[in-house]
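Visitor: In case you want the letters, here they are:
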Amino acid sequence: MVEYVARRLLQGAVVLFLVSLLTFFLINLAPGGPSSLVDFQTTAAEREARLRRFGLDRPVHERYVAWLAGAVRGDLGTSINQGLPVSKLLAQRIGPTLTLGLTALALAAVLGIALGLLAALHRDRWPDHVVSSISTLGMSVPNFWLGIVLIIVFAVNLGWLPASGSSSIGRGFSLADRLSHLALPASVLAFSLMPNVVRVTRAAVLEMLASDFVRTARAKGLREYVVMLKHTMRNALVPVVAMLGLIATVLFSGSVVIESVFGWAGIGRLAIEAANGRDYPVILGVTLLAGAMVVTVNLMVDLLYAVIDPRIRHD
Amino acid sequence: MVTISRYAARLALALALALTGAGITFAQEADTSAVLNLATNADPTLNPWTPGAVIESNLINTVLFDQLTRYSPEDLTPSPALAVSWTAEDEGMAWVFELRQGVQWSDGAPFTARDVAFTFNDVVLNAELGAQSASQFAPIERVEVVGDHTVRFVLNTPFSALPYYLASFAGIIPEHVLGNAENPLTVASFNKGIPVTTGPFMVEEFVPGSFVRLVPNPLHWAGQPQLAGLIFRIIPDPNTQVAQALAGQLDVVTRLSPNVIGGIEGSGRLEVLRQSQNLFFFVAPNHDDERFSDVRVKQALLLAIDRQAMIDALLDGFGEVSTGPVAPMLGALYNPDVRTYPYDPEAAGALLDEAGWALGADGVRAKDGERLVLAMPTGQFGDLVPATLLVQQYWEDIGVDADVRIMEWNAYIQEVVLNRDYEVTLAWWSMPPTADVAPYFSCAAAHTGNNIPNYCSSELDELMNAGRRALTLEEQIEAYAAMQEFLADELPYLYLWYPDILTAKNVALQGFPEITAATAFQHAVDWYVSR
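Going down the list, the protein sequences come from chains A and B.
For the first sequence, our numbering assigns the number 203 to the initial residue and increments by one for each residue that follows.
For the second sequence, our numbering assigns the number 13 to the initial residue and increments by one for each residue that follows.
One or more hints might be untrue.
With the Cβ distance kept under 7 Å, some of the chain A side facing chain B (calculated, not the full set) [to be verified]:
#1 Gly234
#2 Ser237
#3 Val240
#4 Thr245
#5 Ala246
#6 Asn283
#7 Leu286
#8 Gln294
#9 Ile353
#10 Ala365
#11 Ser366
Calculated Cβ distances over 10 Å to all of chain A for the following chain B residues [said to hold, decoys possible]:
#12 Glu41
#13 Pro63
#14 Gly104
#15 Glu140
#16 Ala143
#17 Arg164
#18 Val166
#19 Val189
#20 Asp249
#21 His299
#22 Ala378
#23 Glu427
#24 Asn462
#25 Ser469
#26 Leu483
Here chain A is said to cover these stretches of chain B; the calculated rule only asks that three of the stretch's residues, wherever they fall, bring their Cβ under 8 Å from a Cβ of chain A [to be verified]:
#27 44-57
#28 215-229
#29 334-348
Simulated from the structure, these hints should not be mistaken for laboratory data.
Source: prediction; values computed, not measured.
The beta carbon of each residue, even a glycine, is placed where N, CA and C say it ideally should be.
Using the sequences provided together with the hints, build the complete structure.
Guide: In structure tokens:
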């Protein structure tokens with residue numbers, strides 16, 4: 203088990219190295235440069251002075267080696283456009299992204315599993331149709347549109363919830379205040395991701411219900427809730443956890459759209475600002491962080507399989 | 013009876029105007045506990061000279077960093093700020109500024125001539141740093157400290173517009189804080205933390221990605237502001253900014269898109285200001301291309317564009333057809349009596365015929381076997397792409413084929429603005445409110461500077477220099493009138509329009525100059541919220 207985890211972590215490190223290599227050379231291939239160095243009004247002389255200042259006049263491979271040497275020591279460099287260490291920027295933004303991501307994940311998991319179960323138990327009857335309509339809506343309505351509509355309804359018209367930000371400014375910490383700021387963005391995120399959970403849960407439960415061991419359990423005269431919880435749900439959970447893992451990697455890397463619409467200071471916004479502004483060190487930092495998230499979540503999902511289904515073993 | 017009450021009303025109005033004009037507001041009228049909420053689209057950089065400190069930083073830096081001069085809310089002429097008076101010397105080859113006495117930085121240190129000398133000599137004029145908009149100050153050779161409160165700007169060429177340029181995003185930064193930094197433009201604790209400033213408000217808290225909170229600066233030279241604070245909320249999405257304003261969480265939103273005006277005006281809480289700016293949109297012909305050496309080609313291209321229709325379509329009518337780079341808001345310096353190019357596709361066709369570009373069977377004009385195809389790259393920013401596509405259609409009507417290529421904004425700047433790899437391109441310039449447009453038109457700025465069309469004429473250089481030498485307003489009006497005539501005849505750029513700059517503000521916010529956004533923020537000390 204320990205050996206398995208160590209092997210997976212080592213593989214993860216190799217993946218991250220390859221990701222950094224690819225990202226570094228790709229972003230340097232794209233035309234244009236960091237927006238603080240080449241804005242519209244910059245003259246040729248100003249641009250050259252700035253490129254020299256940031257060492258961007260050196261060849262790409264030389265810069266990559268320098269960056270890598272720093273990265274292995276934990277120094278991800280300094281943002282060109284913001285002037286702050288990349289590690290500090292990531293640290294500032296990861297908290298809000300995780301708060302939003304975990305809330306949305308919990309909402310999507312609870313609602314998605316419940317609705318998926320409901321649909322499976324009432325297959326081809328009206329509850330199934332209602333759930334499938336909700337899922338279709340969640341799949342097809344664009345995030346940014348739903349976000350704006352909810353802001354207009356709940357913040358502008360009704361005045362119940364704040365329109366953006368993660369807390370009221372200058373009022374100190376209050377859980378109610380934080381939750382009221384979380385409500386809209388987390389709901390929109392959960393609503394758009396939930397259909398995946400519903401679909402997988404419904405399919406997995408249906409498959410289990412039709413399986414021999416469920417029929418056997420029922421034939422033994424076990425109570426229905428035991429059949430459902432112990433025999434059906436537990437076995438159906440493996441694909442559901444896999445799906446939640448996929449969703450988690452998306453959420454923990456930050457939702458660009460939701461964070462922008464709701465003024466949420468997370469990783470997603472940092473990523474889009476860095477990409478638009480060609481802030482090379484920040485782009486690399488965010489990409490690596492997202493890569494690390496994927497590696498970690500995948501590992502955790504695999505370990506969780508063994509807990510859910512003892513037949514799965516990691517040796 | 014009627015006469016008397018009318019007289020009384022006029023008297024009251026005159027009295028009220030006199031009082032507010034003198035900067036006095038009744039104590040019971042202003043809500044001194046009010047905190048104003050403003051929006052900016054990204055994390056600001058709290059140093060006006062740091063490369064990349066642009067639209068997200070300009071207005072907050074204007075509130076934080078006082079400048080030597082600021083625009084007068086009446087007519088945008090430079091008026092006293094950190095400097096109280098200024099005079100030109102040596103036939104315009106030097107300017108002497110007397111600085112305000114008793115000004116303190118927000119940490120209590122005295123503001124002196126050394127801060128001004130540091131800002132210019134060590135930062136703006138230090139070519140190795142590549143400071144933001146340093147090229148605008150190219151005529152300055154150095155700044156000399158004459159006394160504790162006197163500085164002398166020594167020039168390498170006359171620069172009569174210097175007091176105007178010093179009012180344009182040219183905040184003074186503290187020598188005692190930044191003087192020892194290896195690079196004074198990249199000190200993170202200053203730019204992204206709590207900078208030391210001279211403005212009426214100072215930073216109390218900066219939460220990256222969320223907001224910057226300002227409180228009144230108790231040491232400010234013009235006295236305490238009448239507000240309890242300002243909060244700049246960082247909201248990247250313009251739709252969310254508008255929604256927040258409608259929800260009552262924002263009091264000022266700048267740079268509004270015309271299509272949201274209706275909703276804002278209907279809210280009752282907010283009003284929309286139609287502000288101006290010395291800003292023009294243009295199509296730049298690349299003069300390295302031989303085809304533009306014939307001015308008739310450029311005139312034809314401009315005549316073929318229905319600019320009013322474009323203003324109506326793209327800006328919902330919030331703009332004005334431009335006659336040149338100098339906007340009408342400059343008052344006496346604006347010359348309306350220049351050659352104009354009203355929409356006339358037939359006249360455009362005739363001019364091209366005359367220039368030898370005959371209509372071919374394929375609908376595209378040609379001369380000596382060469383078809384009139386113009387490479388027209390454009391960048392994804394604001395309305396540039398739709399505007400470019402409209403111009404393309406107008407030109408197609410007169411047999412000119414614009415080969416439009418849409419590029420990502422950064423790539424566009426690299427290829428078009430820096431490398432000048434284009435034949436025609438549509439963009440805009442935003443300039444200080446002066447007729448001194450040399451950074452955008454002079455031979456010295458062609459190919460490397462802000463003269464994007466690479467236009468070079470010694471005659472124009474001489475006309476612009478005459479303006480730079482002219483020290484009285486009368487002389488400037490005369491010199492710049494001639495310059496504007498030349499610019500309209502020769503068309504270094506094809507001028508499109510002056511857009512209105514739309515700002516929404518809370519109706520309760522008073523003392524907010526309406527003339528330009530920069531002016532309003534330079535006078536933040538006068539803002540108050542009526543009860």
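Visitor: Each of the hints needs a verdict: does it hold here or not?
Guide: Hints, one by one, checked against the model:
no.	hint	verdict
1	Gly234	holds (3 Å)
2	Ser237	holds (6 Å)
3	Val240	holds (5 Å)
4	Thr245	holds (5 Å)
5	Ala246	holds (4 Å)
6	Asn283	holds (5 Å)
7	Leu286	holds (5 Å)
8	Gln294	holds (5 Å)
9	Ile353	holds (5 Å)
10	Ala365	holds (5 Å)
11	Ser366	holds (5 Å)
12	Glu41	holds (25 Å)
13	Pro63	violated (5 Å)
14	Gly104	holds (24 Å)
15	Glu140	violated (5 Å)
16	Ala143	violated (8 Å)
17	Arg164	holds (26 Å)
18	Val166	holds (21 Å)
19	Val189	holds (15 Å)
20	Asp249	violated (5 Å)
21	His299	holds (17 Å)
22	Ala378	holds (32 Å)
23	Glu427	violated (6 Å)
24	Asn462	violated (6 Å)
25	Ser469	holds (20 Å)
26	Leu483	holds (27 Å)
27	44-57	holds (count 4)
28	215-229	holds (count 7)
29	334-348	violated (count 0)
Hint check: violations occur at hints 13, 15, 16, 20, 23, 24, 29; the rest are consistent with the structure.
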